[in-house]
Amino acid sequence: MAKTVAETIKEITRRHLNDNNELLFGQAITAVGWVNNTVPNCKNIVEFPMSDVSNMGIVCGAAIAGKRPMIVIRFQDFLWLNNSTLVNYAAKSKDILGTPTPIFVRALAQENAGCVHSGILHSIFMHMPGFRVCSPMTPKEYEEGWDDFMAHDDPMIVSEHRTSFSSTREFSNTDNEADITLMPISAARFNVDAAIEQLNLEGIKCNVAHVMWLKPLKKDHLLGSLANSRAGLVIDATFEICGAAQSIAYELMLETGKPVKAFGLEDRSVGVSYESRNETPSAEKIVAAVKNILC
Amino acid sequence: MAEQTNLEEIFRRMCLIRYFELQVAEAVKGNLTPGPVYLSVGQEAISATISTLTKDFAVFTQHRGHSAYLAYGGDIERLIDELLGLRTGCCGGRGGSPCIQDLDIPMYGHHGLIGENIPLATGYSLASSRPTVAYFGDAASEEDYALATFGFAATHKLPILYVCEDNNLSILTPIDARRKWNVYEVTTAMGLKSMAIEDEPRLILETVSGLLDELPAFVNIWTCRHLWHVGIGTDGPPERDRIAEMRDIVPNAEEIEGEIQARVRELWQRQLQKL
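Protein sequences, first through last, are from chains A and B.
Heads up, the first sequence is in my numbering, so the first residue is 548 and it goes up one at a time.
Heads up, the second sequence is in my numbering, so the first residue is 10 and it goes up one at a time.
Rather than coming from a laboratory, the hints here were simulated on the basis of the structure.
Cβ coordinates follow ideal geometry from the N, Cα and C atoms, glycine included.
Treat each hint with caution, since some may be false.
[What the hints assert, rightly or not] Here are the computed distance ranges between Cβ atoms for each label pair:
#1 B:N40 <-> A:P763: 47 to 55 Å
#2 B:P43 <-> A:P676: 15 to 23 Å
#3 A:R824 <-> B:L41: 53 to 61 Å
#4 A:R824 <-> B:S138: 33 to 41 Å
#5 A:P676 <-> B:V239: 23 to 31 Å
#6 B:R279 <-> A:P676: 30 to 38 Å
#7 A:P676 <-> B:D244: 32 to 40 Å
#8 B:L41 <-> A:P763: 35 to 43 Å
#9 B:V239 <-> A:S719: 52 to 60 Å
#10 A:P676 <-> B:E194: 58 to 66 Å
If we strip away everything but chain A, and leave its shape as in the complex, we get (with noise of 0.2 Å):
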């Protein structure tokens, strides 16, 4: 039987913990639950009180002894707090210091659960020189990920999406000649298949380019599928203004020439009731987006 994400990432860092005698991170994480079922319950976990912005100097201060040590950030929002040494000290250190900081910081997202836990700060990141950042949805990605952090001495993102957690899927691409190239990151990667089935049935023809690698970009697969479409539609679970998408979008339409846009949440903040939910780009609003650039 095929594993989740949630079971892959449990088995991560069972062996990273245990065959390692590596550390790992986070507040609340032994609690019921063991976040989401994806914290193993075994030897070297150390649990943080709620002092975020100094937790984060005390991992770092792990991987100056030599550690590769991972850390849980329950809810990415939490990261506004924890990033001050992540910023300042994982990010720069290599350079400045030629002292490497290689934390796997793995930071949790989540729809709909109001202003204070539904963030998704991974553009934040792309921004500041000296991180590597992912958004793996699938277990092979996640594993890619993983592989990647362990090849590498830099700090390193894992925007990860609660929505993730219960599936098996593999994504596929394509490369077919379209109208039009979607290419969802985080949560908007379940979004896309309504979304393209609809289209189709209006006639509209669309490739489909994952995005998994944000920070070095991985965009390949990305220009593939473009070259053989009119346009491009990078769509992202977090905010479209000054985010990911739109860094991404600008990337691929100076390197093709094609119009790329982006799409993601509107800029007012995200709250619980359904008037003020601010979400991941639904299957209609992708179909009302893609219209709007096509016509």
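Fit chain B to the supplied structure of chain A, relying on the hints for placement.
For chain B alone, kept in the frame of chain A given last:
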């Protein structure tokens, strides 16, 4: 006799720091340093003394770290080169005064954010189990991440000594304008053995020797910064000068002082020829 030997060695380290820093000041006057400098003039006694007790410790210093670097035997030529912005510097010329390091000590640099070295040192201590010492100032100890980290060290009973070089100033703002509480009382409440003392070398020796048997521990040491927070300016004569006091205690002090001053000047002159 052993105490006399210790005091002479401490005095040597104090002089090394003092005359090194005065040479930095000369370099600043000559516009030879590309970045800001944070000098330890007046605060020498703390790291000069504690380094004699913690020679096998891993060292994490703050932005005002030349003193610890020199006290623990850091490579002087590489420090000069760093301050001059040369690739042969201890951070390749990229970090400058607040980021210095010498991994042979091992002393680890940081990015320069005030008090950032406190959680870094603590995580290092946790992961390595190696005795570790962290130096920082009274303002750094107020940082939320510093306070939370003291608690973490107490919880995990880490082999770490926190040394607060308390010059009573954040830039030029005194402590009583910033807070109505003492850090060493907070750390005591958290479970760290904590002491507060003056920066008189014999007192530091006695106090820290005791604390090393009870790590994790915190020592607040009142000291007197002679120069501005950054750069080489001064607001008048200092309240006290521990080096001047040591001249009455250490035999042949003037001879030692002259020898070290000449050596430091020679090193600077040699490195300046690289420019």
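Against the structure, the hints come out as follows:
1. A beta carbon spacing of about 40 Å between B:N40 and A:P763 contradicts the range 47 to 55 Å that was offered as a hint.
2. Under the hint 15 to 23 Å, the C-beta atoms of B:P43 and A:P676, about 20 Å apart, fit the expected range.
3. A hinted range of 53 to 61 Å for the beta carbons of A:R824 and B:L41 is consistent with their spacing of about 59 Å.
4. Checked against the hint of 33 to 41 Å, the pair A:R824 and B:S138 fails, with Cβ atoms roughly 49 Å apart.
5. A beta carbon spacing of about 25 Å between A:P676 and B:V239 agrees with the range 23 to 31 Å that was offered as a hint.
6. About 35 Å separates the C-beta atoms of B:R279 and A:P676, a value consistent with the hinted range of 30 to 38 Å.
7. Taken as a hint, the range 32 to 40 Å holds for the pair A:P676 and B:D244, whose Cβ atoms sit roughly 39 Å apart.
8. In this structure the supplied range 35 to 43 Å holds for B:L41 paired with A:P763, their Cβ-Cβ distance being about 38 Å.
9. A hinted range of 52 to 60 Å holds for the C-beta pair B:V239 and A:S719, which are about 57 Å apart.
10. In this structure, A:P676 and B:E194 break the distance hint of 58 to 66 Å, their C-beta atoms being roughly 41 Å apart.
In terms of the numbered hints stated before, the structure departs from hints 1, 4, 10, listed from lowest to highest.
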